[in-house]
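Residue numbers (the numbering used here), protein chains in the order written: chain W, -8 to 246; chain R, -8 to 246; chain A, -8 to 246; chain B, -8 to 246; chain D, -8 to 246; chain S, -8 to 246.
Hints in this document: simulated from the structure, not taken from any laboratory. From a predicted model like this one, the values you see are computed outputs, not experimental measurements. Careful, some of the hints might be misleading.
If chains are identical, the list can't say which one is meant, so a pair holds when it fits in one copy or spans any two.
[Said to hold, decoys possible] Straight line, CA to CA, 25 angstroms or less: simulated DMTMM-like cross-link-like pairs of lysine to aspartate or glutamate:
hint: 1; residue 1: Lys219; residue 2: Asp187
hint: 2; residue 1: Lys4; residue 2: Asp142
hint: 3; residue 1: Lys219; residue 2: Glu12
hint: 4; residue 1: Lys189; residue 2: Glu108
hint: 5; residue 1: Lys226; residue 2: Glu185
hint: 6; residue 1: Lys237; residue 2: Asp217
hint: 7; residue 1: Lys189; residue 2: Asp78
Protein chains: 6
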Amino acid sequence: MSTKSTKPKPPAKRHDGRQPEALRTVHLERGYLRHAAGSVLISFGDTRVLCAASLEERVPPFLRGSGKGWVTAEYGMLPASTHTRSDREAARGKQSGRTLEIQRLIGRSLRAVVDMEKLGERSITIDCDVLQADGGTRTAAITGSWLALVDAVRRLVASGVLPQSSWKEIIVDQVAAVSVGIVDGRPVCDLNYEEDSKAGVDFNIVMTGAGKFVEIQGTAEHGTFDEKELSSLLKLGQRGIGELLKAQRRTLGND
Amino acid sequence: MSTKSTKPKPPAKRHDGRQPEALRTVHLERGYLRHAAGSVLISFGDTRVLCAASLEERVPPFLRGSGKGWVTAEYGMLPASTHTRSDREAARGKQSGRTLEIQRLIGRSLRAVVDMEKLGERSITIDCDVLQADGGTRTAAITGSWLALVDAVRRLVASGVLPQSSWKEIIVDQVAAVSVGIVDGRPVCDLNYEEDSKAGVDFNIVMTGAGKFVEIQGTAEHGTFDEKELSSLLKLGQRGIGELLKAQRRTLGND
Amino acid sequence: MSTKSTKPKPPAKRHDGRQPEALRTVHLERGYLRHAAGSVLISFGDTRVLCAASLEERVPPFLRGSGKGWVTAEYGMLPASTHTRSDREAARGKQSGRTLEIQRLIGRSLRAVVDMEKLGERSITIDCDVLQADGGTRTAAITGSWLALVDAVRRLVASGVLPQSSWKEIIVDQVAAVSVGIVDGRPVCDLNYEEDSKAGVDFNIVMTGAGKFVEIQGTAEHGTFDEKELSSLLKLGQRGIGELLKAQRRTLGND
Amino acid sequence: MSTKSTKPKPPAKRHDGRQPEALRTVHLERGYLRHAAGSVLISFGDTRVLCAASLEERVPPFLRGSGKGWVTAEYGMLPASTHTRSDREAARGKQSGRTLEIQRLIGRSLRAVVDMEKLGERSITIDCDVLQADGGTRTAAITGSWLALVDAVRRLVASGVLPQSSWKEIIVDQVAAVSVGIVDGRPVCDLNYEEDSKAGVDFNIVMTGAGKFVEIQGTAEHGTFDEKELSSLLKLGQRGIGELLKAQRRTLGND
Amino acid sequence: MSTKSTKPKPPAKRHDGRQPEALRTVHLERGYLRHAAGSVLISFGDTRVLCAASLEERVPPFLRGSGKGWVTAEYGMLPASTHTRSDREAARGKQSGRTLEIQRLIGRSLRAVVDMEKLGERSITIDCDVLQADGGTRTAAITGSWLALVDAVRRLVASGVLPQSSWKEIIVDQVAAVSVGIVDGRPVCDLNYEEDSKAGVDFNIVMTGAGKFVEIQGTAEHGTFDEKELSSLLKLGQRGIGELLKAQRRTLGND
Amino acid sequence: MSTKSTKPKPPAKRHDGRQPEALRTVHLERGYLRHAAGSVLISFGDTRVLCAASLEERVPPFLRGSGKGWVTAEYGMLPASTHTRSDREAARGKQSGRTLEIQRLIGRSLRAVVDMEKLGERSITIDCDVLQADGGTRTAAITGSWLALVDAVRRLVASGVLPQSSWKEIIVDQVAAVSVGIVDGRPVCDLNYEEDSKAGVDFNIVMTGAGKFVEIQGTAEHGTFDEKELSSLLKLGQRGIGELLKAQRRTLGND
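Generate the whole structure from the sequences, applying the supplied hints.
This is how it looks when you write it as structure tokens:
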């Protein structure tokens, strides 16, 4: 079986002029919303996701009485965020499989860096709403949500609800995510919509500040991939996530 | 039966220092989204609504073959937009009565100023998504949607799809809306969330650029009102809408 | 923009021979149902609505422990009630926006005349089911529901559940509703289906026995209206509601 | 296993004074609704069901192009029809198993006496809405629906849509139904709610004018039954249905 | 009205060579599943149904505090079990009327032989999932479920949860079911799919080990039937159920 | 942050005595169902999944007129398949996020080895229904589905619907899947339920017969993982999939 990834390709420029390893411009705006405990408007190029963290003093049934907290995520796309208007899920009466899959991924990624016992029996829900979609909405959502989560926990610490002296005792590491893929036979980082549409292989990688993996989700929609390609994709991902972790720290400053 | 509106009240200042007739700061940002045919981010103080117009070359079944077009609206609130996080309607699996009522109001308001025969057999859907809610989301949505609609129709005219020489032949007038109500016994304009919560009487008024009414929806949640109160509320509404119409024209410039 | 309401019209007779201000024949039949605490079959001409009040010794979550009661309404149309058979909402799996909007209106209208503290922590649900529809179903529903509500509260007082000596201490005023509109350029009262279909402007007005407004909902489906038209519509409404209030009192007799 | 039906019982009077074989008072009111092609308000004592037949010039997908028609039924109970108010199915978002089961039964019963080829490719939907429930709603619905169906077909014949000279060529026989059961150890006919609640065995029997069975549905909710009991129940049913068939013919007169 | 059942027919062989009274091969495999308290894979010829009983230490609201237990059933068909693949009900978002009707029938049939007071306040849910459908899935489900129910109760007795010395004190009799019908004018037992499709009259009969009826559901989809036909159908049913009861006892052995 | 995967562990035996790299016993039974075009009952130890392929001569809207075919999957678990009975998704009215995620994965995996142009404009739906769950249901489903798909395509070729001389021209390679994970600090292959519950890291790997990856989905539910751990997990996965590919070929024989 022949696949796109095996076709020889000259090192042509990417569609938008980026180098294979280059991220799009990343922008993080903290405190975008007034009511949420923490909120961040993140953009990866034209992709814009509003991440908001809300606190609730209760946990799902399976954790009641455990002394442990919970972090979960919900994801949605505004109908006009996509190239062609998409149906409103509230009007259709159900969330798509894609939506459910993405919000489960975001939730798992954030939980990997939270000490649930120190959080105590309370929940933080992260709403990730895509204002504009141009590829990479789930990786932008994870990257932005971490910062919204930090601000929500900071508020809990500041108000004395949590006895710890710093949010860093509850959120034990950073977490960020990027997509990588093989487009026109060449591994590239942070695919936009056009690249994503024609990618033979498409990965979403989630890593911590300590350089460990939390999630690797790789799909060969139009072909297959081998170990060598996997290895170069993971390298690209590590590099890209490194930059995103820096952007998170830069936005956080001394907080 | 005693009502809040009949209690004598000193002409105390409004909670946020505004005069009774004063609008909150209005801000209109055109072209907020890249994919939508027209889009406007409108804010009435802390209330922020993203209005986006999408075109579709087909009409609902009851208009097929009629030669007439259609304009409809959908409304939603991001879960984190409200003072306390609200459930995601897509997750609950249905839209609330309030949501359906608001989007029907927005649709009717816009249709009142569109010449459907000149629009031809195509539809424009206006998505109004509330990013932050602080009272008046539906009136902000109507006011902003009109501008998004203009930009969508301008694109149709510019691209030659419509034979008219100006969007003004299809959109025959402006339309804008404001809320008025009786708060602490005194008629005020453009209520924020706190005022709205304790208003004895609450009106949403929609008017055209020509100073005609399109919709009047008045509710006495905690009491009743008489003709004199109605009259002063309508005056406040006319005045407020007058300013919003100016803001629309200012944003539009010479387009 | 030209609207139907501005076209000059000769003072032709109404379709069914009524004068502009005339209601259709109103008929109120108390105690139509055997199990409901209160029930009324109301007709406005060919429009027939069955209103039934049921008691329940509990309140919605937001009122628990408040000592206050609640009154709410549900609305439905039998599929064969309409000119062309309409879908059964139970079979479609959801209530339409129109249904939700109407039942919210009925509930608000009734709550405006109930002293919730004296009702105590219990709920009354009013079911308004349209047996036959010929325009004005929501105004008939409000007018009939008030009487069903009275009978339900009378039963609570008679059985000693409520300590008051008369239902009039709990239901502090009457409430009734009528539609008015501009049809063929002329303001008319209590529109039937045919008039409603071609009305340029359509109002639903809810008033108390004391002559105060509870709700005003005016829509210009095909055009707009000005203050003068509004004023004459409100006058027609006040007059019509006056007759409905009398009909309620006549039906109630000395109860 | 002991069952209620085996306990010795004195031939005590029925709760409401009826003889074991006696029906409750049957009342049939034709033409109750103005818009439906045929409509009948039927009562079996306090049980009141509104049956309405609507015509539609199309058939379900599995019959398209077959030249055959279709008859189907929908069933619903008004929330206030029952002893204790029941939930509105439209609000709950789905029809109960009981509702679906009953409407399937009504549809099958009516189809048994219709010549679908002579009806031609069109559908008749019978809506059976229970205004008041006191046992036997489904048998009243079948009995009343037959008459509504006749009137709908008469209209088709009268208007010349169908070439037959009489509705009797399309509706080839009568159909009616009654419940029978073993209450306090004794077979009785046409159970009301109170009898139904304590019946050890409960049957619904549907028969044609020619004395043939269309459906027999017997359930021993609290016990079992033997052939002898079955035989006496069927006799009671035949007798009761005989009276209902007479009532149908009487109502129909010479039509 | 002529019906298929009245046409004279030679005593031709059944499609699959069986005698009119013959069952298909019955196979019962106990303990098919590892986690369920009781499970049976039953086959009636090509019809295969997996019946599994699960215990839960709680009862539905209407039984709380009554000291009585509950037995209920759920029914489903795998999409690929039918001749032409059927939609997955979970994907469509609701169970069909047929599914609800069948699971109600299975539940009633099993409850008829259970002493709910001795079961105590706990529930047993029987899942009946059709792996392959060739007619008679509901009768196979009832017959197999009885055995799964026995094994679940045996486990409760064996573990000392129930104080009785044998499951026979809780399950007071056997219950089994078979379909009978008139096919090509001749009464036959245990119809397969092909026979079921063309049956003029179709019965499902449920009986206890003591030879009493629990349910009789007879439908004349294409015609009607008289007392004589009913009588011969019931005889066929009794005979067939007799064999199924033997098969249950054989499978149970000395348990 | 400490994770389970970093704790030093002696090479203790696995819970069920397997070596770290050992699969559970794999069993493949072809032709389990009579109606489906292809069907396989696959077991990985106690995990049993029934995979059935159904043909349909049409494609989803986005492929109409493209000349290309489609392969999709649906997944479900019988309620009694799990350790504690799980809710029936059809009764709850929606499929869970987990279900949707798994069926999307199965569909993508199968599509990776099908030449859609040669399949032509027709669809194959693979139903994967879990009869018993003990970990690894999605990997068993993928592995079994491939064989069901082969049988469905073989039938198309044999019947002359497809012009190719062998199914191998349409299904261009094998595909199989296995789970690997880090349990008690040690990488193991084909986790059962108990291992899965306590795994720090959990991977599902899908590969082709040619040794290429189709999907890699790795999640660190309780911790994180580094490149070295990833590498050893992938090796385990490759080895396990190699055995599954052999089992597929063995079952297929010379077909």
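Hints and how they fare:
1. Lys219 x Asp187: within (21 angstroms within a copy, 29 angstroms between copies)
2. Lys4 x Asp142: Result: close neither inside a copy nor across copies, 39 angstroms intra and 35 angstroms inter.
3. Lys219 x Glu12: both (17 angstroms within a copy, 23 angstroms between copies)
4. Lys189 x Glu108: between (44 angstroms within a copy, 18 angstroms between copies)
5. Lys226 x Glu185: Intra 22 angstroms, inter 34 angstroms, cutoff 25 angstroms: intra-copy only.
6. Lys237 x Asp217: between (31 angstroms within a copy, 20 angstroms between copies)
7. Lys189 x Asp78: within (23 angstroms within a copy, 32 angstroms between copies)
In terms of the numbered hints stated before, the structure departs from hint 2 and from no other.
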